Amino acid sequence: MDEKKVLIIGLGGLGSPVAMYLAAAGVGHLVLADFDRVDLSNLQRQIVHDTTQIGQYKTISAQTKLQALNPDIEISFIKDMISEDFLIEDDIDVVVDCSDNFATRFIINAACVHAGTPLVSGAALRWGGQVAVFSSSPQSPCYRCLYSDNEDEGEACSDAGILAPLVGVIGSIQAVEVIKVLCGIGNPLSGRLLLFDALSMQWRTLKLHKDPTCPICSN
Amino acid sequence: MITVKFFASLREQVGKGEIQLDVAEPLSVAQVWAQACDNAPLPSHILMAVNMEYSDQNRLVDAGDEVAFFPPVTGG
Ligand SMILES: [Zn+2]
Chain A
1 MDEKKVLIIG LGGLGSPVAM YLAAAGVGHL VLADFDRVDL SNLQRQIVHD TTQIGQYKTI
61 SAQTKLQALN PDIEISFIKD MISEDFLIED DIDVVVDCSD NFATRFIINA ACVHAGTPLV
121 SGAALRWGGQ VAVFSSSPQS PCYRCLYSDN EDEGEACSDA GILAPLVGVI GSIQAVEVIK
181 VLCGIGNPLS GRLLLFDALS MQWRTLKLHK DPTCPICSN
Chain B
1001 MITVKFFASL REQVGKGEIQ LDVAEPLSVA QVWAQACDNA PLPSHILMAV NMEYSDQNRL
1061 VDAGDEVAFF PPVTGG
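Each protein sequence line maps, in turn, to chains A and B. Quick note on the working numbering: the first sequence kicks off at 1 and runs consecutively. Quick note on the working numbering: the second sequence kicks off at 1001 and runs consecutively.
Just chain A, same shape as in the assembly (with noise of 0.2 Å):
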């Protein structure tokens, strides 16, 4: 593992137990992407982050912890937007879609497709989450293959609200599936939705089909 790169996008709720897992068990090489700065009100779930890092850029913040935990692994940031053709001239195993909002998912997606990296997926909100991972392989679904129109943002954990240790449970399972991709064991979330509901405690498991009018994945 310690010869891998990860890219982590999104270093909020599901990315702050993403990138501390990963840290701590010695992915070589982490790639963090976040444009925003830590707040207060973040940090009820954003756990890589802490009062004294508020006005920081999160990535730099995410950085101090990272390194602390971990002094042997590489730490990077992205600098630039993300697009549909960012990853192709990277060397990244995986990505982590750690984001929060419809618009960057689909782009991660399709830039994903785009590059043939293995994808792993996880969103919170509310009362429940969900994680599924999308491999590079042309019989697999995408992300993009869920969803029929790709108009509406979906809501923010800011704005609808989150049970704070939920982001805890997804991001701790994308974790795993990273791990898992990574080391090529197991048998990883692929062309499966795991659906979480803390309020009933209710796990689910999707089967998932590749849509063949995806506008991202079928030719």
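If a hint is listed, it holds; no wrong ones were tucked in.
Straight line, CA to CA, 16 Å or less: simulated EDC-like cross-link-like pairs of lysine to aspartate or glutamate:
1) 1005/B / 1022/B
2) 207/A / 1053/B
3) 207/A / 1056/B
4) 207/A / 1066/B
5) 79/A / 90/A
6) 65/A / 50/A
7) 5/A / 89/A
8) 210/A / 1056/B
9) 4/A / 72/A
10) 180/A / 3/A
11) 1005/B / 1053/B
12) 210/A / 1053/B
Chain A residues, not near chain B, derived (Cβ > 10 Å throughout):
13) 41
14) 52
15) 80
16) 83
These are calculated hints, taken from the structure and not from any lab test. These numbers were taken from a predicted model, which means no experiment stands behind them. Backbone N, C-alpha and C define an ideal beta-carbon position, used for all residues, glycine too.
Given chain A's structure and the hints, the job is docking chain B with the ligand onto it.
Below, chain B with the ligand alone, put in the same frame as chain A:
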């Protein structure tokens, strides 16, 4: 009977976790939503599943099937 299930925040929005629909003929998933939710419009980006498999709103279901609705989740 079609079993209809609502997950996470949809459970609160709809006010119930599960209902049974009596059906005389096959219905699309969108019609199941309409009958179960007093003709409320189908929210955008909602995820739908029939018998634990991802489905779109046009898929037909019949007695004995389970239809589940999951709220859109984008936050991170
Ligand atoms: Zn697709």
